[in-house]
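Chains as they are written, first to last, in this note's numbering: chain A, 1 to 261; chain B, 262 to 522.
No lab work stands behind these hints, which were simulated from the structure alone. One should not assume that every hint holds.
[Stated by the list, open to error] Quick list of in silico lysine-lysine cross-link-like pairs, BS3-like style, CA-CA up to 27 Å:
#, chain 1, residue 1, chain 2, residue 2
1, B, K282, B, K327
2, B, K327, A, K210
3, B, K353, B, K282
4, B, K348, B, K282
5, A, K66, B, K471
6, A, K87, A, K21
Protein chains: 2
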Amino acid sequence: MSAEYQRGLYEAIFRRRDIRKFIPDAVPDEVLARVIVAAHHAASVGFTQPWDFIVVRDTERRREVKRVFEQERVINAAQFTGDRLRKFLALKLEGILEAPLNLIVTCEPDRFGPAVLGKVSIREVEVYSTCLAVGNLWLAARAEGLGVGWVSIVRNETLGEIFSIPNHIIPVAYLCIGYVEAFPDQPVLESAEWAARMPARALLHFDSWKGSTESDGHTLADLVQSPEIWRGLFADAAPSDAEPRTVGTDVPNAISKPRGE
Amino acid sequence: MSAEYQRGLYEAIFRRRDIRKFIPDAVPDEVLARVIVAAHHAASVGFTQPWDFIVVRDTERRREVKRVFEQERVINAAQFTGDRLRKFLALKLEGILEAPLNLIVTCEPDRFGPAVLGKVSIREVEVYSTCLAVGNLWLAARAEGLGVGWVSIVRNETLGEIFSIPNHIIPVAYLCIGYVEAFPDQPVLESAEWAARMPARALLHFDSWKGSTESDGHTLADLVQSPEIWRGLFADAAPSDAEPRTVGTDVPNAISKPRGE
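Based on the provided sequences and hints, a complete structural model is requested.
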């Protein structure tokens, strides 16, 4: 792929955010259609394509979801105390009613019968596939300028009731989708100092869980921390980037720092 | 984002394949580093970043994985009979030893303690996050010209033993990674007539599982099937595409068909 195409993919990945603030502008059907087709082209175990998409615009059902969310949020809050609790309560965690639409991505295990190529040993593989569809959808939305927020504080049984989802179908992701005023430079939970981005080198192992070094392991561990690996793709464009607002500290350093810094 | 960047993202999505045939060329550390950083920038519940990456080059361990795979493949095969079984046995399902490297993506639930923002109701959310990391990795690899194959026919306990993975760490994805002779036009399981791509419109619901129509639902259902939604992004480039080999029937029609067909 050309450097431009590569950069397009990496731009979507590094500038994607979990969005909770939306503007009310409607999402054109054509844009939504592209985003859904992108999701449908995710990998799936045995090519089972286990996903479905429930497009939710109905306000009454969304109010019910919001009501359940508020209850669950209190339960979630009860895990935290002191400063951590104060921070939690200050965070806006969803845009269920503000977003012009919500979208539920579900998983139907054994869609074509119980015999699935690749599904002997790992029972959750179809749910994994559905997550890949959510990932594609999220990145395509970002490329289209659409924000997506994943609301995980809501019970599957309740979603099943509100949306008449059959018992054998798993609601994997409840998403809020819409245009945004801005994509934050950093993940919201990072700028709110809820958690920090882990250094990538801390996540690397070589040949076994205990193998933190190997002959060439040091090289890779250095490289994942290095802005140098992005120079070819990003550096020239960075200083004169047309969208300085979205060039943030969360993207690899080479994106936001001019060459030579 | 510019149309070029958007196209880059969609190219990666539509041309990504589950690869089982690799050429032995080494993957440069710099390329592997970019792909891993892309994975690390996936969304995660409560910004927990629950993933780790075990880079596997050791041949002896890979032989053990291959041995276990072969056992599990026999179990998987036993689900099928007749023509279906013949097809199954003819499929190459992994490139564990041929690929220059394997990569295990794991999930550590409760990495920063049991209190996780967003994790009251859905226990699997950290595994979902890990799948999003795998999705990013797969797309970044495709943009870099690297093939990735997800080997799901292998037991977690066995992986845990071979790679000394602690019990509380979940091996989510066992991946084979390397350069390829070609990215097939269609998913292998589609061209082998193992399964067909489902029509996207069959996967749409409106406002509830039973809602297959709504006022504007027909429009969206038509659009997800229509090459028209891709014209602005793909049509001009399609007839003179520089890589006709990779322009396949699996990508939206507008990519492979010149305008006016």
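Do the hints match the structure? See the list:
1. K282(B) to K327(B): Holds, at roughly 15 Å.
2. K327(B) to K210(A): Holds, at roughly 21 Å.
3. K353(B) to K282(B): holds, 8 Å
4. K348(B) to K282(B): The hint holds at about 18 Å.
5. K66(A) to K471(B): holds, 21 Å
6. K87(A) to K21(A): Holds. K87(A) to K21(A) sits at ~18 Å (cutoff 27 Å).
Comparing the model with each numbered hint stated earlier shows that all of them hold.
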